[in-house]
Amino acid sequence: MLATVTSIVMFGLALSMALCAYRLFRGPAVVDRLLAVDTISTNLLAFLIVLSIDQRTDVYLDSVIVLALLAFVATVAIAKALVWGRIID
Amino acid sequence: MRLSLLVIPILPMILAGLLPSAGRLGHRGLPLVCGAVASVTLLLALRVAAPAFSGHAVTATIPWAPATGLNLTFLVDGLSLLFLLLILGIGLLVIAFARFYLSPDENLPRFYASLMLFMAAMLGVVTAGNLLLLVVFWELTSISSFLLIGFWDRDPAARSGAYQSLIVTGIGGLALLAGVLVLGGAAGTFDIVALAARGAEIRALPEMPVALGLILVGAFTKSAQVPFHFWLPSAMAAPTPVSAYLHSATMVKAGIFLLARLWTIFAATELWFYAVTGFGAATMLVGGWGALRHTDLKRLLAYSTISQLGLITMLYGLGTREAALAATFHILNHASFKAALFMSAGIIDHEAGTRDFAQLGGLRRHLPRMTILVGIAAASMAGIPPLNGFMSKELFYEATLPAHMADSIGASLGASWPWLLPVVAVLGSTLTMAYCLRLVIGTFFGPEGPYPQHPHEPPAGMRAPVELLATFCVAVGFLPGLIAEPLIATATSAVVGAHVHPHLALWHGLNPALLMTLIGLSAGAALYAARRGSARRALPPRLGRTAGELYDVAIHGMMDSARALTSRYQTGRLRTYILTILGLLLVLAGWHAWHASWPGAGGAAPLPARMPMTAVPRGAMVITVLTIAGAASVCALYRHRWPSILALGLVGALVAIYFAWMSAPDLVLTQLLVESVTTILVVLVLYFLPRKTRDREPRLRLILDGAFALLVGVSASAVIYAILRRPFESISSYHIANSLEGAGGGNVVNVILVDFRGYDTLGEITVLSIAAIGVLALVQAGRRTT
Amino acid sequence: MNSPLLTMVARILLPPALLFAAYLFFRGHNLPGGGFVAGLMTAATIILQYVATGRARVYAPVEAQRLIGWGLALAAITGIGALMAGMPFLTSTFGHIEIPLLGHFEASTASLFDLGVFLVVAGVTLTILLAIED
Amino acid sequence: MTSGAEILASVLLLIGLAFTLLGSVGLVRFPDFYTRMHAPTKATTLGVSSMALAAVLVIPGGIVAVLMKALTIIAFLFLTAPIGAHMMARAARSGGIAPCEETRIDEMPTEPVGEDDGGHPAG
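Chains as they are written, first to last, in the numbering used here: chain A, 1 to 89; chain B, 90 to 875; chain C, 876 to 1009; chain D, 1010 to 1132.
Derived from the structure by calculation, the hints contain no laboratory data. All values derive from a computational prediction rather than experimental measurement.
The calculated label-pair distances, taken between Cβ atoms and stated as ranges, are:
no., chain 1, residue 1, chain 2, residue 2, range
1, B, 669, C, 893, 36 to 46 Å
2, B, 245, C, 932, 41 to 51 Å
3, B, 852, C, 877, 38 to 48 Å
4, B, 670, C, 893, 35 to 45 Å
5, C, 933, B, 866, 17 to 27 Å
6, C, 897, D, 1111, 45 to 55 Å
7, D, 1107, C, 877, 19 to 29 Å
8, C, 886, B, 259, 54 to 64 Å
9, C, 932, B, 805, 43 to 53 Å
Far from chain A, by Cβ distances over 12 Å, these chain B residues were calculated:
no., residue
10, 118
11, 157
12, 192
13, 241
14, 384
15, 530
16, 542
17, 787
18, 793
19, 823
Each residue gets a CB set at the ideal place from its N, CA and C atoms; glycine is no exception.
Taking the hints into account, I'd like the entire structure generated from these sequences.
This is the structure:
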């Protein structure tokens, strides 16, 4: 029962990543693309969680924490660079 | 007691390491510390090497890299004892002299550190029992001499002199290493004592001439023999204490020490006789002639050193016991009077403000004591009785006489041209006499020159070392038996390998040697008188292009061709680099695929069993693959930078998912981290890149690049496919098995990284550090120019 | 133009993130983690502080380059330590130590080497990022 | 054989998926950047949190360990998502991206913030 649910959820997540990829393509401004990438990283988080549920292991949860933090750092850095050019002023 | 032999070279080395940071010792404290360490090493050396006095050598061995035959073996016999005393004795005097000579605001810690490093290296050379170890210390002397010559690094002459000496002695070092390897390879051992014992067998080896030739090149470059002598005069740009220590008493004698060390092995060969004697004689004459030409005091002394070294080399070349005795005795004497002369030159320069003959002259009124000291030292060099120089010159004459040449390999030469060697000897000492007179009279007598500074007697401490050396010359002259004889006896017997009883005395009765001395001295005086006027005038015609100029031409030629080559393939455009790299990949993959047995051609095994993969719905994976392809194409197609960076970031994160799919948690973590740090780095760098990127690539180039990329993609996947088809048993089984008990760690990946393959990781983190420092330097350099 | 929100969040995130990096480091021997990953994690967090608050207000107790030096020295020393004990270079032993509060734990000299790796990786990343930036 | 926990986990997973999908659809369907920004940052974060909770129920290996990890994930997400959105909004605002016509209220001051450094315009 859970196995089928996890595969459905994985499929759904892949779909949502595809949607974000669409925004990545179409996105008129760079900020839209930045938003798209940020959302995809969050989806990846979810994917990892579902994967670890499926494999019944908690070893990926650490990578999820790392990814959460680093996606944030990258997004902030890019957002700041987009406007002010320099990041550490 | 045995291992304390190791301490001899190591003690100054440790001090050399500590000194650069001991700045606050000040210009009084530093020489004191160095002097103390040098004297401690001297006392220790004497105590440890006591048995060497009575003739049997002291050895100690610590295995360092036994597989390659390189061990820390130390050998102290009579010969090393002589050199130990020389290096440490003259070293102490030079340190005392430098204490007064160098002004306090010089970079003294660096000076004394390099000086001590040099002393340690020389001690290592003279006490090394293993040829490879000797080469290690040999190279260290070249490096420390480079540091010392280039001490006043703002002075271009010092810099070029330092480069020249490093390149020449460096090449010599390489030749020596090659020779030693050939010799060691053929003989099977690098241990000097073992080699000496099998002298006859080695002389018969087919590789012997090659090995000996290369070793001689090494010795000749270090001891400034004829073709390689030009670096010594240009090394005079070094501070005087360095010239007095390195370029007169110790470093240039390293080559001669090597000749003495290998004397028992090679002395009885034809090649040795003709090469060593020939080059020695030629150097003696060229050096003598050179000394007459130059108007700079230190250059004159440099050329005189070259000529004296030529004399000693010639003596070792003759191959007879008397010649070896004369050579060893002359090493001692030469060190004493030459160091004294160099220090006096330093004092004259310090007091009168110049070393140029044109401005010197008539100094005897201002520096009376110096006149006497320099007089004694110069007289000893010229070989005027009753000083020590005269006695070793006498032995030199006797050694060249045909009667004494009987048992030498060159006896045939002695028979056919009996007069050749004596004439060369006399000619040599005539030149020596001439330049000694030029030295003494040019500086101290005659009309007073226009000195830039008003000279007055130097401080007592500065003159003390010269006085000490001068008294040594006189003392050895009058009481040779007491001071010199025991030391020279043990040293020569160590060189010759048999017990030698020298009878050093001033008076050997009326014999041809005395006659030759008289001729030499008078001819020298006549030569000086004939050319008296030229002391101050410009140089007489030179003997065609000197070796120095040839050296410069060679170096500049090499640099220019290197620059031309680099500019051709470093076009600075990223595209060419990528094309070359990927092109090479293409060639390799293509060639390999062509030769390797194609799958299905029966050669390769079927695809290995399915990878242990987690059950993931096909659909999800397909869409993820699509996303990755989409993101990758965004970077390829999009001209704007931002979308490409974002897409790159995305691709990295998605690849991490693959690792998760392949159940590799470590990799997921690492990939995510590396991915985001790289994205930040790219964003950082972006600010510095030019705003506008080229808008449209020419169509043809697009097609070409596209085709090329396709080809590379295909070949890369072909190679991977081939690898997958190749059956291989992976090493993981070993690691997994031993990971827990062997290293107490459950995580095999980390255990491998840090424990089993720790050495690789050490290499990797070193490379990382170098990269970081490189970036730091480049960025700061860049900032300075903008 | 640093938004106060960002600075505040960055400050809040710092301790847990560094703690997490240390956690990754210490369990490195038995579970995914280790010096390399922890080094990168620390570097990323510190970069976040720089981005959030700017160079002036970040209190850097030590320059990044020094970390590299210490890291390499530590790695080399652990290697030489093995040599001292007569084993070939860089072999590591492991034993079990008992810390009163934390209970039983198995420590190996390899983790010292790992600490060296951690320092080097953190130092290198910070040096490069900060060098390019200022 | 499906235990109660598994059922609950499945429900949570499906809820999470629903939120995430809503976020992505929002990202695609909304007219301009500012409206588009709300959906993913809010919905996806909720989605992931519920999945994390689902993970707590199902993954073996010490409830405390998994719970701690899940809570950290949720905490980090709740902290970082809004700030990320905030920074992106600032970037868009000073990048000169105008809100679409339907927006009635525009409380931001007319001149965009942080133009002094002469950074190059976005996009």
